[in-house]
Amino acid sequence: MARAFTPKIVTANALIEGDVIYLTADDTWSRNHADAELITDEARAAVRLAFAEAQQDFLVGAYLADAVEGDAGPAPTHFREEFRSVGPSNYNHGKQVEQNNV
Amino acid sequence: MYKYNDFDEGFLRARTAQFRKQVERRIAGNLTEEEFRPLRLMNGLYLQLHAYMLRVAIPYGTLNSRQMDQLAYIADTWDKGYGHFTTRQNIQYNWPKLSDVPDMLDALADVQMHANQTSGNTIRNVTSDPFAGAAIDEIEDPRPVAELLRQWSTDHPEFQFLGRKFKIAVGASEADRAVLKSHDLAVNIVRNDAGETGYQILVGGGLGRTPMVGKVLNEFLPREDLLPYVEAVLSVYNLLGRRDNKYKARIKITVHENGLDTIRALVDERFAELRPTFAGGDQELLDEIRTHFQPPQFKNAPIDAFEAAYESDPVFRSWADTNLAPHKNENYAIATISLKKHGETPGDATSAQMRQLAQIAREYAHDELRISHEQNVILPHVHKSHLPAIHALLRSEGLATANIGLISDIIACPGMDYCALATARSIPVAQKIATRFDELKLEHEIGALKIKISGCINACGHHHVGHIGILGLDRAGVENYQITLGGDGTETTVIGERAGPGFAYDEIVPAIERLIHAYLELRDSEEETFLQAYRRLGMAPFKDALYPEAAKKNAA
Ligand code: SF4
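Residue numbers (this note's numbering), protein chains in the order written: chain A, 250 to 351; chain B, 33 to 588.
Treat the hints as calculated values from the structure; they're not laboratory data.
In the DSS-like style, the derived pairs of lysine-lysine whose C-alpha atoms are separated by at most 25 Å in a straight line are:
hint, chain 1, residue 1, chain 2, residue 2
1, B, K112, A, K344
2, B, K129, A, K344
3, B, K278, B, K199
Ranges between beta-carbon positions, derived for each pair:
hint, chain 1, residue 1, chain 2, residue 2, range
4, A, A299, B, P580, 50 to 60 Å
5, B, E65, A, L287, 24 to 34 Å
6, B, E545, A, Y340, 17 to 27 Å
7, A, A295, B, R307, 56 to 66 Å
Small disclaimer: the values here were computed from a predicted structure and weren't measured. For every residue, glycine included, the Cβ atom is placed at its ideal position computed from N, Cα and C.
With these hints in hand, go ahead and build the complete structure from the sequences.
In C-alpha cells:
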C-alpha cells in the first residue's frame with residue numbers, strides 16, 4: 250500500500266540570488282515559508298511541482314518538502330527545511346535578517 | 033612565489049570570459065540548469081542551502097599580501113564581508129549572486145587566482161605543507177612540484193571527466209602536515225640511501241563513506257619520471273574506476289577492489305607507454321618554476337625584542353609557546369595565526385582580518401601567507417624580533433588566540449548551516465565546545481588534542497582522523513552526533529574507531545566534557561597526550577565515560 254500523503258510545499262532556490270523561495274497559492278514566489286501554499290493532495294502536489302519546474306529561467310532545483318499548518322501559515326517539519334527558512338546559525342545572515350525587508 | 037607567464041594569463045582570461053558568456057546564457061534562458069550545472073561546477077560555483085557558494089583555489093595554500101587584500105575586497109564587494117578557509121586550502125564565499133560571479137572571477141584573475149577545478153570530477157586544487165620552505169625537517173620546498181602538478185592537471189583533456197573527484201597533495205618532510213595519506217594520490221619527496229631525492233607515491237587514501245589510508249604504490253620514483261607516472265596512475269584509474277556507483281567511484285575503492293599489486297602492474301604498463309612521450313620539457317618547466325620559489329633574503333638581526341617580550345608579557349609568552357613552530361633559520365619562527373577564536377566559526381576571516389594579515393605579511397613577514405588544512409593562517413617566515421609587533425597587530429583584530437593544536441583549534445566543515453549535502457550542523461558544535469572549554473580554563477592543561485567535525489559522511493571536516501572525531505547525522509529527522517576516537521591525520525595516519533551510539537545536539541558537548549575529564553584522570557602524566565592515552569588504554573575507559581549508564585549496568 251502506498252504511504253499516506255503528508256502535506257507539502259513547493260520550494261526551490263532563486264536563479265540569481267540562490268535564495269530559498271516558496272510557491273504560493275496564487276502562482277507567485279515568496280521568500281517566506283509561511284506564505285507557501287500547503288498542498289494536502291498528492292495529485293495537486295504533482296501539478297504544482299510541474300508548474301514550478303517549468304520556470305527554469307527563474308529558479309533552480311524545485312522540490313516538494315514536508316510542512317504542517319502553523320500559527321502564521323505553513324511551517325517546516327524537518328530541521329533542514331527549518332534552517333533553509335531562517336538562515337545559518339553562526340551569523341545573523343540570510344532570511345532571518347532579510348525577511349523584514351521583503 | 034609562482035608568477036603567471038603570458039600563457040597562464042591568457043588561459044585564465046579566456047576561461048573567465050567564457051564563463052561570463054555561459055552565465056549570461058543561463059540568465060537569458062538559453063541554457064537549462066542541467067546544461068549549466070557542469071559548467072558552473074568547473075568554475076567552482078555551487079548552489080548551497082541559502083545561496084550560491086564560490087570556492088576559490090589557493091594552490092598549495094600560498095598567498096601573498098596583494099592576493100589576501102583582493103580576497104578581502106571580493107568579500108566586501110560581492111559577499112558579506114568574510115570568507116571561509118577550508119580543509120583543502122580553498123576559500124569559500126557563501127553569498128555571491130550568480131550575476132556577480134564573473135566579476136569575482138575577473139577580480140581573482142587580476143591577482144593570478146582562480147576557481148578552476150575546485151569542483152567536479154576532475155583533479156582538484158593541489159595541496160601541500162603549509163610550512164613549505166620554512167620547515168626544519170623538509171628535504172626541499174615541495175611547492176615547485178605542486179605547481180608543476182597544478183599546471184599539468186589544469187584543463188588536462190584526458191582528466192576532465194573522471195569517475196569521481198581526484199585530490200593530490202605534495203609533501204617533503206618527515207612530519208606530514210598535509211594529510212598525505214588521506215589523499216587519492218600523494219607525492220612525498222624523499223631521499224634514498226644513496227642520498228638522492230625522489231618521490232614516494234601513495235595512492236588510494238581518502239576519508240568519506242569508506243575511509244582508507246593511502247598505500248605505497250612506488251617507494252622511490254626517479255625525479256624525471258613524476259609526470260608520466262602520475263599520468264599513468266590517473267589513466268589507469270580513469271579506465272578501471274567504477275562509474276556505476278558514485279559511492280564506489282573513488283580510486284581508494286578501485287585500489288581496494290583490484291588490489292594494490294594489480295594497480296601497480298597496470299600503472300607500470302601504462303607508464304612504459306607514456307614515459308617516452310615526455311622528452312624533458314616537464315623537467316625544464318620544473319626548473320623554471322623552481323626559480324619562483326627561492327627562499328627569502330633572511331635578515332640577520334638581533335632577537336632581543338622577542339626575548340624581552342617573552343620574559344615580560346605573559347600573554348605574548350602564551351601565544352609564542354602555543355602558536356610558533358621552529359624555522360630553518362634559528363632567528364626565524366613559523367607563526368600560526370588562529371582562525372579559531374573561542375566561539376567563532378572555525379576557518380572564517382572577516383575582510384578586516386584579511387587586510388590585517390596582508391599588512392603584517394607585507395611589513396614583517398617577507399610577503400608570504402599560507403592557509404593550512406587545519407583552517408588557520410600561517411606566516412612562514414617571521415624574524416623573531418618582529419613577533420611582539422605582529423602579536424599586537426593580531427590582537428587588535430581578534431587574531432591572537434593562543435590555541436594552536438589545542439582543544440578549541442577545531443576543524444569544522446560548513447555543515448548544515450551552508451552545505452546542501454549536510455545531514456547536521458557542525459559549526460555550532462565547534463563553537464560550543466570551544467566556548468565551554470574556554471570557560472573551564474582547561475585548554476592548556478588538556479594539551480595537544482585535535483577535534484574534527486563533519487556535517488555528513490563526506491568527511492570534509494576530517495573527522496575520521498581527529499583524535500576525537502564528530503560526525504553529524506540525521507537520525508529520524510533529528511540531528512545526531514557520532515563520536516570516533518583515536519584517529520590521526522599525520523605520517524602515522526589511523527582511522528578513528530566509533531565509540532558507540534550517537535548523541536543528540538544538546539548532549540554532544542557534555543559528552544565531550546565527560547571524555548576529557550576521563551582523560552585527565554587516566555593520563556599517566558601531564559605529558560601523555562589524549563591520543564597517547566587512548567593508544568595505551570584502548571577504547572574501554574573512554575567508552576565508559578561517554579556512556580555512564582551502560583557502564584553502570586555492566587558493572588552491576
Ligand atoms: S562533510 Fe558533508 S556537510 Fe560537511 S562540507 Fe562536506 S559535504 Fe558538506
